[in-house]
Amino acid sequence: MIVAVAGGKGGVGKSTVALNLARELEGVAVDADLSTADLPQGDGPGLHEVLAGRVDPIDAVEPVGSTRVLSCGRTLAGARAADVSELIPAVRRLERESDHVVVDCPAGLARDVGTVLHCADLTVLVTTPDRSALTDAFRTRELALDLETPVAAVVLNRSSAESERITDRVEATFQAPVTVLAERSSIEDARRVGKPVRDVRPKATVLEAFERVARTIERCDRSGIGVGRR
Amino acid sequence: MVELETETDRRDGVTLVRGLVTNTRTTRQLIRLSSRLDGPTWPPRRDGARPAEWTDGCWEGVVEPGRRRGFGFATPTEPTAEPVKLVTARRPDDGERQVPEAVLAGLEDHAPSRRTVGTPTDG
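Listed in order, the protein sequences are those of chains A and G.
Just so it is clear: in the first sequence, position 157 is 157 by the numbering used here, and no numbers are missing.
For any residue, its number in the numbering used here is found by taking its place in the second sequence, counting from 1, and adding 1000.
Note that these hints are calculated values from the structure, not bench results.
Keep in mind that a hint or two might mislead.
[To be verified] Covered stretches of chain A (in silico footprint by chain G; criterion: 3 or more residues with CB under 8 Å from a CB of chain G, positions within the stretch not fixed):
| id | stretch |
| --- | --- |
| 1 | 110-116 |
| 2 | 131-142 |
| 3 | 146-159 |
[As the list claims (entries may be wrong)] Below, a list of computed lysine to any residue pairs in the SDA-like style, where the Cα atoms sit at most 25 Å apart:
| id | chain 1 | residue 1 | chain 2 | residue 2 |
| --- | --- | --- | --- | --- |
| 4 | G | LYS1085 | G | GLY1019 |
| 5 | G | LYS1085 | A | LYS9 |
| 6 | A | LYS9 | G | THR1026 |
| 7 | G | LYS1085 | A | ARG169 |
| 8 | A | LYS9 | G | ALA1102 |
| 9 | A | LYS9 | G | ARG1090 |
By construction, the Cβ of each residue, glycine as well, lies at the ideal position given by its N, Cα and C atoms.
Chain G extracted, bound-state conformation (with noise of 0.2 Å):
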């Protein structure tokens, strides 16, 4: 699953949503988020520049496994309660696909369970 959480702030006329979008899947994937609040959706700006992430009011970027990354953008908007949808998730084809084998040995040990210890013969 791809969790999002927002937050709003409404401040002169403007309102600042900023976001968490958190990746529980096992795979890598590329995320894409568009705001839901009718009107123009203002991205950040770094130095001047749109971040890359940032194209046509859409967020997109690639989000590790069990990981999250933040989010935000402005709008003139007043905020509602989901300011945020997803828009899809998918494994991005990027050709770093790990093979099976690598897949493999990338999982943890397995351990004989807590049940086994205590009561061999029940279950």
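Extracted from the complex, chain A is given alone in its bound form (with noise of 0.2 Å):
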């Protein structure tokens, strides 16, 4: 199954979400912000590579604390010579290897977003409870739907008591399951390693959060849930 983590607006949080959920899924996380890459990296082989057909995806997933990821060169030569719809090959053949594929998108709703958002089973959206943030989010939705991919879940992340008033309303409005990551400390600890916050903090409350994403996506997967769709 492949798990499209996208939001629209920039900087929500979406790459965390994508390397917890990865974590979680015991998957592998995909990088496919070709520009601004975000999960972490280490020295080998990145996505650019595979794209550019040097490299098979499988031998340039490199492990990330307890997860892996297939991490995104951040170099603006990369970003050109990179096209993203040879990324799906990329994604499926990663998904025949590994059960789940968790695909941090870019942001904005341009035909890179669009292209990973088609190629996934399910899409989990993440904003922060701010109106730009939502409204970007709604827009990915309604791209997301017109791509015939559902929304298993939304993720509001850095909420405040203030804005977990505001989950009845999203989850009106989404029309999907809404989880909030309200404890920021040790999302910030493992962000700062790189890591997923389960091998930096293993008893953080926010891994229920993470965890609660990861099994509605499982839900999803066992009742058909937009498997068989492509």
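Using the hints, put the two standalone chains together into the complex.
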């Protein structure tokens, strides 16, 4: 199953969610944000090399803590050389090796995002509680639905007690279950060392939120939602 | 989202309500509006006929993504701050839905962002 982590607006925590979701699903995280990569990266070949046909995607996957990541070289030459549509065969190849592939989408609503959403079985939307992020996430939802990719879950990041009150409204508007990420310190600690939260703060309460999203995706997988639509 | 702007003008015992409905979503929307004002809704007449958008005191029309449409009606009731309410906004089921490939083809090309161009190693 291929899960796209999208949201429209940059800096809302898509990479954090993608990395931690890949960890909870025991899958592979793929950084599809070719021009502003955020997932932790190693020294080996990355997605740009895979897309250029120089490296097999399986060989480019590297361990990041207890999970695995196909990261993205962060060079302008690489961003120019890479064509996102060529990402799809690589992602499908990874899916055959590993049950779950979690793809970290670029920001925006251009064709690179559309390509990933179209290839995915399910979308997880990430947003912060502010209006502009919610609007962008909603547009991303509309695009995902136009591309016939259902939205499995919405992650409301950087929530406060105030914003938890809007959860019901977000759930009604997006018509998908909302999971709130309220605890920032353990996410920040893990992000600083470029690892999933489970590796750094195994008792963090925020892990329950990532687990909940992972279980939602597994439930969709079992009930066939999003599967067989391509 | 669907955005609604209205203005009212009261003259000779009649309130004229004018409005614009904007579709800021990425898909076309079938939008239904109704008056919040207590009292009869008098739709406009064009050549003596009521426009097709008006039925049972409600305005209903399709608004393309990123576009807006105007509407108006009259009523004998005194105006209020929000004379019109959005009843529903949904995708029209008119069989014109694009296949995913057409949706994809209609999206803008992406380009490396300024962030990539300026500082390729930070981020």
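Going through the hints against the structure:
Against chain G, the stretch 110-116 of chain A contributes 6 residues with a C-beta closer than 8 Å to a partner C-beta. That satisfies the three-residue criterion, and the hint holds. With 4 residues bearing a CB less than 8 Å from a CB of chain G, the stretch 131-142 of chain A meets the requirement of three and the coverage assertion stands. For the stretch 146-159 of chain A, the stated coverage by chain G is satisfied: 3 residues place a CB nearer than 8 Å to a CB of that chain, which reaches the threshold of 3. For the given pair, LYS1085(G) sits about 11 Å from GLY1019(G) by alpha-carbon distance, which is consistent with the 25 Å threshold.
For the suggested pair LYS1085(G) and LYS9(A), the alpha carbons sit about 29 Å apart, so the restraint of at most 25 Å is broken. Distance hint between LYS9(A) and THR1026(G) is fulfilled; the C-alpha atoms sit about 15 Å from each other, no more than 25 Å. With a C-alpha separation of about 18 Å, the suggested pairing of LYS1085(G) with ARG169(A) holds against the 25 Å cut-off. With a CA separation close to 24 Å, the supplied pair LYS9(A) and ALA1102(G) stays within the 25 Å bound.
With a C-alpha separation of about 24 Å, the suggested pair LYS9(A) and ARG1090(G) falls inside the 25 Å cut-off, and the hint holds.
The structure is inconsistent with hint 5 alone, although it conforms to all the rest.
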